[in-house]
Amino acid sequence: MAKIVEPNPEFAKIIQKGWPGGETLMACYQCGTCTASCPSGRLTAFRTRQLIRRAQLGLKDEILPTEELWMCTTCYQCVERCPREVEITDLMFIMRNIAVREGFMSEQHKKIGETMMKIGSTVPFPDDMKKLRVKMGLPADPPTTVADKKAMEDFRKVMETTGFDKIMKGGKK
Amino acid sequence: MSAKFALFLGCVAPYRYPGIEKATRDVFKALDVELVELEGAGCCPAPGVIRSFDQATWLALAARNLVLAEKKGADIMTICNGCYGSLFEANYVMQHHPEKLKEANEILAKVGMKYNGTAKVRHFAEVLYKDIGIEKIKAQVKNPLNYNVAVHYGCHFIKPSRVKHLDDSERPHILDDLVEATGAKSINYKDKIMCCGAGGGVRSRSSATALKMTEEKLKNIKMVGGQLILDVCPFCHLQYDRSQKDLPGFDIPVIHLSQLYGMAFGMPRESLGLEAHEVKFNL
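Protein sequence lines correspond, in order, to chains A and B.
For the first sequence, our numbering begins at 1 and goes up steadily by one.
For the second sequence, our numbering begins at 1001 and goes up steadily by one.
Some hints here could point you the wrong way.
Below are the SDA-like pairs computed for lysine to any residue, each with C-alpha atoms no more than 25 Å apart in a straight line [what the hints assert, rightly or not]:
1) Lys-130/A - Glu-1039/B
2) Lys-1102/B - Glu-160/A
3) Lys-130/A - Leu-1035/B
4) Lys-1072/B - Tyr-1092/B
5) Lys-1212/B - Ser-37/A
6) Lys-1192/B - His-1165/B
Simulated from the structure, these hints should not be mistaken for lab results.
So that you can see chain B by itself, here it is in the shape it has in the complex (with noise of 0.2 Å):
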């Protein structure tokens, strides 16, 4: 296990959901993972809209937050699937086709810069499952949960799961055993890996498709009691979230693993930024 990880904050859970980036500093700490800072990242730069406009921009700007990392000697850490699938797939590219490496460097030299390679990507919730382990973080709840929490996986933590290699796409656990660490029980629900909705520029372009794809999720999860919804993106999770004041019906609370984590680990209500939110969580 990498000793010490750079933590990628990404735009939603700083700018949009501050209580992501505080539960994720400090249950990192309670399970005593290094993590330091990547000053002056900028946005990943964000799969569905800026990859749509131009790839080339969006390689560079992936390659330049690779290189922050490359710097500090760790791995980069995401707590987004966002920033997780372009910054891994950036990799992937320049790992893979040598003229994309070459085109990403020519930009890079004009601020100084150079993509050698070195630092991995690594998704928060793949720590937690592979490096941590369940049984470490089981040793760490010390107010065990009793909600039915409808996990969202999102689409980009695991899939293209050709070149990511981290769980099955059509039958994931990774997060459900996560989610059950903390005594609470994931159930299971109608198109569970289905979309949230928001992604490939959607959300922005047309608000009306996004909302009727995130509705349906919601009504699958109602309709079997599901109490929490448990995202590990801010971007799903703002989905779910803003997407409740303008469907009648809905009221299910939206929670990232981290701020679940934080819970469980007996840390502060207070201290989660619950107050960010939307819809109260008043579980």
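Only chain A is shown next, with the shape it has when bound in the complex (with noise of 0.2 Å):
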């Protein structure tokens, strides 16, 4: 027997208003070819129409906790060929920063948000990458956040005073 669900328009409007682009939600006719178009999809159980119309009727707990949230590469490919010119690729980030508010977030994810805390870098700096660096003739430190004690302060302000320690924990909704 089919499943009934019931839709729940106050999620969906949250998601229209999360940031620009969110306001193209109900424009989606549901033709699939952003399905179709998805290079992930392709190759794993996500399906960008199946999302948006979850998104559209505003199911929370079909969206949120799922895996396939977080199997869009963000290459844009659904939204240069949406015949409704949809934003696909700003509502898979809409619905992530929800998500991860909601305490949906990976331990691998986490882990960048930590080091780019720490050294303003979403990848580490390794000591042996220094030293090619200087046998290439470059400096051992690239003029960034990683040689500038002020420039890493005011990252890691920024990033305090949007509260980007406590999103991580899921703690800020």
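Join these two chains into a complex; the hints should help.
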């Protein structure tokens, strides 16, 4: 028997108002061009059209905890081809932001966030790379946050102001 | 043409593939374009991960980098699609949504900064193609190349095309033209404009999924005899280069456009940092 789901228009509104681009959600008429264009969907269970439909219906519990929400590579191919100009990638960002605030964030992603807070970069900077840089005639530290204490303090202060560490813990809704 | 550009290094180039940084500096010097340092720049921040976690943080950190360029009186030049995507789109958001601009400036005020919107965000391949031009590049080629090159555009260079207006997103040609200026041949292959698989936080969260997409691309490149994978994004570069050790049967060297130009301009191989690559360059 088909499962009857109860729409939640309130949650759909939260998505629409989440960030610029969200307002295009209801323009989707479910043609499926997005799914057909998706490089991730052709190899996984991720179905872009289905996720957008769930968003239109506000099916919070069928969006936020799912692995599919994190299968999009943000390649914009669906956005390029969407006949209704739905900002699908923007909608992905909005829904992922909500999921993170609700505590649905993978350990790997938390680690990336922590590296950001520490050195101002999403990837670590190991010593062997410093050696290679010097060998090539580059300064051991590039002129980024890793070589500038004040810049790193500013960078961290920006993240503290937005509450990034609390957001990552799922504690700020 | 802006007389100078503020070089935005990003993370993966300086911390993983410094040859990309070095080659960029040398190539632009040879082309007589001044690059100024963007001291204290941080992560762009990465569009796939940080933007997915919190857009307000993403915007404020991007705005901080943009302010650093404003202070230099120069447009930003990125050597990475991800940096280009983040910085370009953050600029776009602040210029089209006053409420987002206000929010970002309120945060920046805490570190004594203000975004004014005077710096443009440029991709180095766009600068090469539009500002410098193919003819001037050809004049620098001292060592014409003779490879079959599989061009990988990546995603955030030309897409979303409705805001970037750089090239046709289904049939782009900029990179093919830039590659062929060296004498090399840009080959056609199936799903050429497809993503490498790494973006959107997929590589970090679900590396097996990313790997499947990369394998698909590699198969298509191998099928038509691609000798070299050409990218304009250190993150795509990393994905193609490091994935091949987990995928038996593939051994296709990966090279950033700056490194290809370094080679064609006759710069010594050891100055291109190829030793940091997993797949050894034996062409």
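Evaluated hints:
1. Lys-130/A - Glu-1039/B: Measuring from Cα to Cα gives roughly 18 Å; hence the hint holds.
2. Lys-1102/B - Glu-160/A: At roughly 18 Å apart (the allowed maximum being 25 Å), Glu-160/A and Lys-1102/B satisfy the hint.
3. Lys-130/A - Leu-1035/B: Holds, because 22 Å separates the two Cα atoms, which is no more than 25 Å.
4. Lys-1072/B - Tyr-1092/B: holds (20 Å)
5. Lys-1212/B - Ser-37/A: holds (16 Å)
6. Lys-1192/B - His-1165/B: Cα-Cα ~19 Å, so holds.
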